[in-house]
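Undergrad: Hints are included, so try docking the two chains, each in its own frame, into the full complex.
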Amino acid sequence: MERNGTFRATLATLLLLFVAACSTEPKNLFVLLKDDDGTVGSIQVSNAKGSQVLSKAGQATGMDSAEAPPQEPFTLTQERIDANFQTVIEAQPEEPVTFLFYFKTGTTDLTDESERQINDVMATIQRRKVKPRIAIVGHTDTVGSAAVNQRLSLQRAEEVKELLFSFGIDTEAVEVSSHGESNPVVPTADNVAEPRNRRVEITVR
Amino acid sequence: MRAFVLLGLLLLLPVTAHAAEESAIGHIRSVTGEAVVIRNGAEQPATAGTAVQGADILAVRGDGSMGVTFRDNSRVSIGSNSRLRLAQFEFEPAENKLSFIMGLVRGTMLYVSGVIGKLSPESVSVETPVATIALRGTKLLARVEE
Numbered sequence: 001m002e003r004n005g006t007f008r009a010t011l012a013t014l015l016l017l018f019v020a021a022c023s024t025e026p027k028n029l030f031v032l033l034k035d036d037d038g039t040v041g042s043i044q045v046s047n048a049k050g051s052q053v054l055s056k057a058g059q060a061t062g063m064d065s066a067e068a069p070p071q072e073p074f075t076l077t078q079e080r081i082d083a084n085f086q087t088v089i090e091a092q093p094e095e096p097v098t099f100l101f102y103f104k105t106g107t108t109d110l111t112d113e114s115e116r117q118i119n120d121v122m123a124t125i126q127r128r129k130v131k132p133r134i135a136i137v138g139h140t141d142t143v144g145s146a147a148v149n150q151r152l153s154l155q156r157a158e159e160v161k162e163l164l165f166s167f168g169i170d171t172e173a174v175e176v177s178s179h180g181e182s183n184p185v186v187p188t189a190d191n192v193a194e195p196r197n198r199r200v201e202i203t204v205r
Numbered sequence: 001m002r003a004f005v006l007l008g009l010l011l012l013l014p015v016t017a018h019a020a021e022e023s024a025i026g027h028i029r030s031v032t033g034e035a036v037v038i039r040n041g042a043e044q045p046a047t048a049g050t051a052v053q054g055a056d057i058l059a060v061r062g063d064g065s066m067g068v069t070f071r072d073n074s075r076v077s078i079g080s081n082s083r084l085r086l087a088q089f090e091f092e093p094a095e096n097k098l099s100f101i102m103g104l105v106r107g108t109m110l111y112v113s114g115v116i117g118k119l120s121p122e123s124v125s126v127e128t129p130v131a132t133i134a135l136r137g138t139k140l141l142a143r144v145e146e
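From first to last, the protein sequence lines stand for chains C and Z.
Under this note's numbering, the first sequence has 77 at position 77, and the numbering climbs by one with no breaks.
Under this note's numbering, the second sequence has 39 at position 39, and the numbering climbs by one with no breaks.
Excised from the complex, chain Z in its bound form (with noise of 0.2 Å):
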């Protein structure tokens, strides 16, 4: 009995793995420094290569940065001391499905815009806690001190 448990659940290790793949809204690319993902208040190392998913928290401590590439291919970077929340994200185009929102708590970002912004420019904002910032297919710099 106790072998076909430890069998099934051996058997469920690919699929959750899969699964984590299957909802990726993109990958990090580089790390400089310390940095994890927090998803679902539990934290994991940023390395190069791991998949992150939507409502995410991309935190750098310290001096460092990470730069992450999205399924609709923008791109963005963040830096020392920083914190970005992947609030939203929905590319399926076929759908008319468009929207990337994000959370930038405190830090530095860079944000490049990809297909989204080419399909959807009114769909792709940055909330801060002092401002919020309305992109319209474009490139954008921003530092929030707290």
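This is chain C alone, in the form it adopts within the complex (with noise of 0.2 Å):
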């Protein structure tokens, strides 16, 4: 009866052993995660030896060495991710805020939602963890040269970057420049007006 009881003792720990050592990582690890807005995208690892594609957030694959193909993607409990990563999920900065900024027609001069929007904007500096930087990004439609568009967004950026110095922002810490017509809120066919696009930005980063 007790050689019994100590052999299946055995075997119970050699099979928790087993499980655990299968249940740890590979010593090189990539992880797809969702994006903060829940969307996910997909990662393609490749090496000499293989590649595989991660579409799925948690989903994970590695190898122990460059001599090794990426293994089959397995799927990492928030646990796992967690022991794994704890301190660059920790050291992730702030996630940046964006505002966007409107205009009068033709004019470089703000709406008046837009104008009272600066204090959301300010308010948001105030509470950043750390001292922020500020980025101004001029944007415009497809319609019209995209010179005269570029020139126009660029100046609607100074426009805003004036008032935001005025309120007492730190000059050092902002940038500011123009997408043109590369980076729209509503993509278009070319020449298509789209009020939606003709604006500026600011970031809180």
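It is possible that some hints are incorrect.
Said to hold, decoys possible - Listed next, the stretches of chain C that the computed footprint assigns to chain Z, with coverage defined by at least 3 CB atoms under 8 Å from CB atoms of chain Z: (1) 41 to 50; (2) 53 to 66; (3) 87 to 100; (4) 108 to 114; (5) 122 to 135; (6) 155 to 162.
Said to hold, decoys possible - Calculated pairs, DSS-like style, for lysine-lysine (alpha carbon to alpha carbon, straight line, at most 27 Å): (7) C:Lys27 x Z:Lys97; (8) C:Lys161 x C:Lys104; (9) C:Lys161 x C:Lys129; (10) Z:Lys97 x C:Lys104; (11) Z:Lys118 x C:Lys129; (12) C:Lys131 x C:Lys161; (13) C:Lys129 x C:Lys104; (14) Z:Lys118 x Z:Lys97; (15) C:Lys27 x C:Lys56; (16) Z:Lys97 x C:Lys161; (17) Z:Lys97 x C:Lys129; (18) C:Lys104 x C:Lys131; (19) C:Lys131 x Z:Lys118; (20) C:Lys34 x C:Lys161.
I should point out that these hints are in silico values taken from the structure, not numbers from a laboratory.
For every residue, glycine included, the Cβ atom is placed at its ideal position computed from N, Cα and C.
TA: See the structure below:
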């Protein structure tokens, strides 16, 4: 009777150790996560020996050396993700916040609603855990000359910058640029008027 | 004569600092433990607020971490005993110049994609000694062990 009990205990221990060894992740490990807005992209992990595509949140692959191909994708629990990556997860910078500003047609005057939004920007800047960088970016729609649009969108971005400076923002922390028509809110064909694209974005990061 | 040379050098100082800021591709937002930025072979301590440039190497020695935000709003953090090269960063959407290539030499990293990943998903990748990771508008955790 006693001999059977010891044998079973040994077997159970060995089984547990075996299972534990199997659930240890490879030395080199790559994990796909959900974006903050809930969407999931995809990643492809490749070396000379093979390639794997991950397309679901929590999926992972990896290998113990460069001579081994990427493993068949497996899923990691949040607990295993945290166990392996706690430090980098905690060191993730705060998510940038973007505000959209609109102008009275053909001018560099903000709409009344946009003028009021400056207060929200200031409040966000005060609330940041680390002194923020502020990007002011002009955008256009696809109508008319790219050069004219570029110039107007930059002028508008400069207007917004002056407004922020008047609120006492550190000038060194601000970067002004224009993306022209290349970064629309609403993608359109060429030469399509789209007021939602004619904007200045302030991003606090 | 010497006074003029000295004055000239003093006048150049803000220009040099400004030039470094002009070519900044991002800024360090947090550091724990001991971390450095290696640029053209020279090291400087990494602290919150330090600007980073293309070709910089970010390194954490021992236990620690570093968090960085980039001009396209992407975010990167690296962990203990980590070394990340910012091989290539191009963000000029109006000129269709979009790319972000990193090299994770060792350690751990978290990458959260930004506008480059949104506008040009095929233009973001991480190279490591064991594999290349092509990212398509997404969030990645990676660990490379030597």
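Undergrad: Which numbered hints are broken by the structure, listed smallest first?
TA: The structure conflicts with hints 4, 6, 7, 10, 13, 17, 18 and 20, although it agrees with all the remaining ones.
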